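Enquirer: Here the protein sequences come in this chain order: U and Z.
Sequential numbering of the first sequence, starting at 1, is according to our numbering.
Sequential numbering of the second sequence, starting at 1, is according to our numbering.
Worth double-checking, as some hints may not be accurate.
[To be verified] With a straight-line cut-off of 30 Å between C-alpha atoms, the simulated DSS-like cross-links for lysine-lysine are:
(1) Lys81(Z) - Lys76(U)
(2) Lys30(Z) - Lys74(U)
(3) Lys31(U) - Lys30(Z)
(4) Lys219(Z) - Lys68(U)
(5) Lys8(Z) - Lys68(U)
(6) Lys219(Z) - Lys8(Z)
(7) Lys68(U) - Lys81(Z)
(8) Lys74(U) - Lys63(Z)
(9) Lys8(Z) - Lys63(Z)
(10) Lys30(Z) - Lys81(Z)
(11) Lys30(Z) - Lys43(U)
(12) Lys76(U) - Lys63(Z)
(13) Lys8(Z) - Lys30(Z)
(14) Lys219(Z) - Lys74(U)
(15) Lys74(U) - Lys8(Z)
(16) Lys4(U) - Lys137(Z)
(17) Lys31(U) - Lys43(U)
(18) Lys137(Z) - Lys30(Z)
(19) Lys3(U) - Lys63(Z)
(20) Lys76(U) - Lys8(Z)
Derived from the structure by calculation, the hints contain no laboratory data.
It should be emphasised that the depicted structure is a prediction, and the values quoted were computed from it without experimental measurement.
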Amino acid sequence: MQKKIYALLFLLSTLFYGLIAHAQDSAVDKKIEMADRLRSDGKIYVVIAVLVIILLGIIFYVARLDRKISRLEKEK
Amino acid sequence: MLRQNWWKIVGVFLLLYTFIAGFLGEVPAKPILNETIRNLYFHVAMWMAMMVFFIISVIYSIKYLRSNNHIFDIYALEYAKAGIVFGSLGVITGSVWARYTWGAFWSNDPKQLGAVIALLIYLAYLVLRNSMTDIDKRARIGAVYNIFAFAMLFPTIWIIPRMVESLHPGGMGNPALSSDDIDSRMRIIFWPGAVPGWTLLGVWITSLRIRLSIMQEQKM
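Using the sequences and the accompanying hints, generate a full structural model.
Expert: What follows is the structure, encoded as structure tokens:
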């Protein structure tokens, strides 16, 4: 079971490869304001860090509930 | 199945992928939208997840009507609640997004109105259930109403707002998720990451509520 999870996660991790694949950059993009400053300053990583922390916080809370309920079910 | 962990881990992983790639990944530069186009992975994903939950809920309602198995009624109720939560999050996030792109939190736009009406119909499902004290009657009438509420999703959200003029993408018969709203760099994050990720998180939370509900029923 564990091996299957790891195999599945490895397959899913290939999704990230899309981030480094660059085919075409549009020149037309130059006129429209995007958060490039945030990116060049490296501040985009702050945004990501905050969001990941919030997400993991929620996940840990839900996981804790899951474990509590499993324990209650075993007692029955 | 509810107690297995593998699909929960997959869901968490997909959400992490969505959150990270969603902000590091490239997006098309559209006027007015600018970076808010990334809201696709959150606002739109909420609605996709909501549809999944309402579909699951109505299936369990039908299963209950066919078998009178009370467990199915619990499933139907909890998935309907999950749908209401995710739908409400969709309306709220859409409203915030609208404030900065359409100019106001609320524009009486057909899509906004349709979505709120659809959610109110589901809220009425909860009120209807609570108005009855007999458990079997509650489940049976609730199940029938659930089917009606599910059917109402289609004219209110998917059909009428898509036919008339609307600020929301998809009006006047245009495609709802066209090349104006998304491109392939976003699709690879949206479809394999955001939609299943949020859906699995909702399923996880709902499964916990179901397990708790079943335990409470067994105590009585």
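Enquirer: A separate judgement is required for each hint: does it hold in the structure or not?
Expert: Evaluated hints:
1. Lys81(Z) - Lys76(U): 26 Å, holds
2. Lys30(Z) - Lys74(U): 54 Å, violated
3. Lys31(U) - Lys30(Z): Holds, because 10 Å separates the two Cα atoms, which is no more than 30 Å.
4. Lys219(Z) - Lys68(U): Status holds; Cα separation ~17 Å.
5. Lys8(Z) - Lys68(U): 16 Å, holds
6. Lys219(Z) - Lys8(Z): 27 Å, holds
7. Lys68(U) - Lys81(Z): 22 Å, holds
8. Lys74(U) - Lys63(Z): 28 Å, holds
9. Lys8(Z) - Lys63(Z): Holds, at roughly 25 Å.
10. Lys30(Z) - Lys81(Z): Given that 30 Å is the threshold and the Cα spacing comes to 35 Å, the pair is violated.
11. Lys30(Z) - Lys43(U): 22 Å, holds
12. Lys76(U) - Lys63(Z): 27 Å, holds
13. Lys8(Z) - Lys30(Z): 35 Å, violated
14. Lys219(Z) - Lys74(U): It holds: about 14 Å lies between the C-alpha atoms, which stays within 30 Å.
15. Lys74(U) - Lys8(Z): 20 Å, holds
16. Lys4(U) - Lys137(Z): 44 Å, violated
17. Lys31(U) - Lys43(U): Roughly 22 Å between the alpha carbons, so the hint for Lys31(U) and Lys43(U) holds.
18. Lys137(Z) - Lys30(Z): 53 Å, violated
19. Lys3(U) - Lys63(Z): Since the Cα atoms of Lys3(U) and Lys63(Z) sit roughly 35 Å apart, the hinted pair is violated (cutoff 30 Å).
20. Lys76(U) - Lys8(Z): Judged against 30 Å, a Cα distance of about 24 Å means the pair holds.
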